[in-house]
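Given chain B, work out where chain W should sit, using these hints.
Protein chains: 2
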Amino acid sequence: MTEPIRRSPCPINFALELFGDKWTLLIIRDLIFMRKKGYGEFMESPEGISTNILADRLRQLVDNGLIEKYPDHNDKKKFVYLLTEKGEALVPVLVEIIRWGVQYDTQAKNAIPIEVSARLKSDAMGFIEETRKSVRKERKQYLKWLAS
Amino acid sequence: MTEPIRRSPCPINFALELFGDKWTLLIIRDLIFMRKKGYGEFMESPEGISTNILADRLRQLVDNGLIEKYPDHNDKKKFVYLLTEKGEALVPVLVEIIRWGVQYDTQAKNAIPIEVSARLKSDAMGFIEETRKSVRKERKQYLKWLAS
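From first to last, the protein sequence lines are chains B and W. Counting with our numbering, you get residues 1 to 148 for the letters of the first sequence. Counting with our numbering, you get residues 1 to 148 for the letters of the second sequence.
The following block holds chain B by itself, in its conformation from the complex:
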């Protein structure tokens, strides 16, 4: 496989070519913070993603190694999407975006639980670590369950 042609080698440009899209970042948000895994769950998010955009962005995320597609153990005709380590490593980026949003917008501040915004102020690093750990743990458990 040849490497895709990039606009530049800059790390920010690299990242943006992989997930620099509004819908993609909302899917990553759902995977990390809402623990969503299935197509139907992503469709329910309040921003109202369309089926064709969702299908396209999920495929891109799989192609770029940020998520992996597995059969749904509840219904083998369906699929679930789990974050890879590379996808899970985006937690700090998302947390910094939340911190910024909460600081500069009242609606955004009111949209998250008060204990989370307090935690983000007092111990963002701890929150990041916990979130990453629980994403990893859930993935492990799911794969174990699937193999059993």
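Derived by calculation from the structure, the hints in this document are not laboratory data. Model, not experiment: these values are computed from the prediction. A portion of the hints provided could be inaccurate.
Since copy identity is lost for identical chains, a pair holds within one copy or between any two.
Claimed, not checked - DSSO-like, lysine-lysine: derived pairs with alpha carbons at most 30 Å apart:
no. : residue 1 : residue 2
1   : Lys69     : Lys109
2   : Lys133    : Lys78
3   : Lys86     : Lys137
4   : Lys22     : Lys144
5   : Lys109    : Lys144
6   : Lys140    : Lys86
7   : Lys36     : Lys76
8   : Lys22     : Lys121
9   : Lys76     : Lys86
10  : Lys86     : Lys109
11  : Lys140    : Lys36
12  : Lys121    : Lys77
13  : Lys121    : Lys86
14  : Lys144    : Lys69
15  : Lys22     : Lys86
16  : Lys76     : Lys140
17  : Lys22     : Lys36
18  : Lys78     : Lys144
Showing chain W alone in chain B's frame:
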């Protein structure tokens, strides 16, 4: 002025509606890390932004309060763009994007100076603070110069 209708009150969605665009984030990168200010400087970036996209994204950034437009003190027919406090507060987001890019891509890793990648590993918080301070200082100096 009525508030624009949002897709949801989520802080991530709020942030993405303001700067969740590849080109916008590259302009913010140029403002923060390359100390670029002028139209011509943004045009020179290796990703090759087009004039109409650049003009549109700069206008959006001004409208959203992330940057402010001032006359260029070297040439009063031209303009410069400076980050506001709200824009400067995006430094942690950009730094986490760089850290991610550097971790998952060799080209991206090689694109930044070795002392910067070492610093990002050992003292990202210090790097963020310094960067924010110097953005703020440069802005102050420019405004002072402009008023003189």
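Going through the hints against the structure:
1. Lys69 x Lys109: between (33 Å within a copy, 28 Å between copies)
2. Lys133 x Lys78: So Lys133 and Lys78 pass the 30 Å test inside one copy only (26 Å; across, 50 Å).
3. Lys86 x Lys137: Within one copy only: 15 Å inside a chain, 36 Å across chains, cut-off 30 Å.
4. Lys22 x Lys144: Neither, since 32 Å and 37 Å both go past 30 Å.
5. Lys109 x Lys144: Neither. Shortest intra-copy (37 Å) and inter-copy (34 Å) distances fail the 30 Å Cα cut-off.
6. Lys140 x Lys86: This pair counts as within: shortest intra-copy Cα distance 15 Å, inter-copy 39 Å.
7. Lys36 x Lys76: This pair counts as within: shortest intra-copy Cα distance 17 Å, inter-copy 53 Å.
8. Lys22 x Lys121: Classified as both: same-chain Cα gap 25 Å, cross-chain 28 Å, threshold 30 Å.
9. Lys76 x Lys86: Cα proximity of Lys76 and Lys86: one copy only (26 Å, versus 47 Å across).
10. Lys86 x Lys109: both (28 Å within a copy, 15 Å between copies)
11. Lys140 x Lys36: Within. Shortest intra-copy distance 15 Å satisfies the 30 Å Cα cut-off; inter-copy 45 Å does not.
12. Lys121 x Lys77: For Lys121 and Lys77, neither the intra-copy (43 Å) nor the inter-copy (44 Å) Cα distance is at most 30 Å.
13. Lys121 x Lys86: For Lys121 and Lys86, both the intra-copy (26 Å) and inter-copy (17 Å) Cα distances are at most 30 Å.
14. Lys144 x Lys69: Only inside one copy: Lys144 and Lys69 sit 15 Å apart there, 55 Å across copies, limit 30 Å.
15. Lys22 x Lys86: both (19 Å within a copy, 20 Å between copies)
16. Lys76 x Lys140: Cα proximity of Lys76 and Lys140: one copy only (19 Å, versus 61 Å across).
17. Lys22 x Lys36: both (17 Å within a copy, 25 Å between copies)
18. Lys78 x Lys144: Cα proximity of Lys78 and Lys144: one copy only (18 Å, versus 62 Å across).
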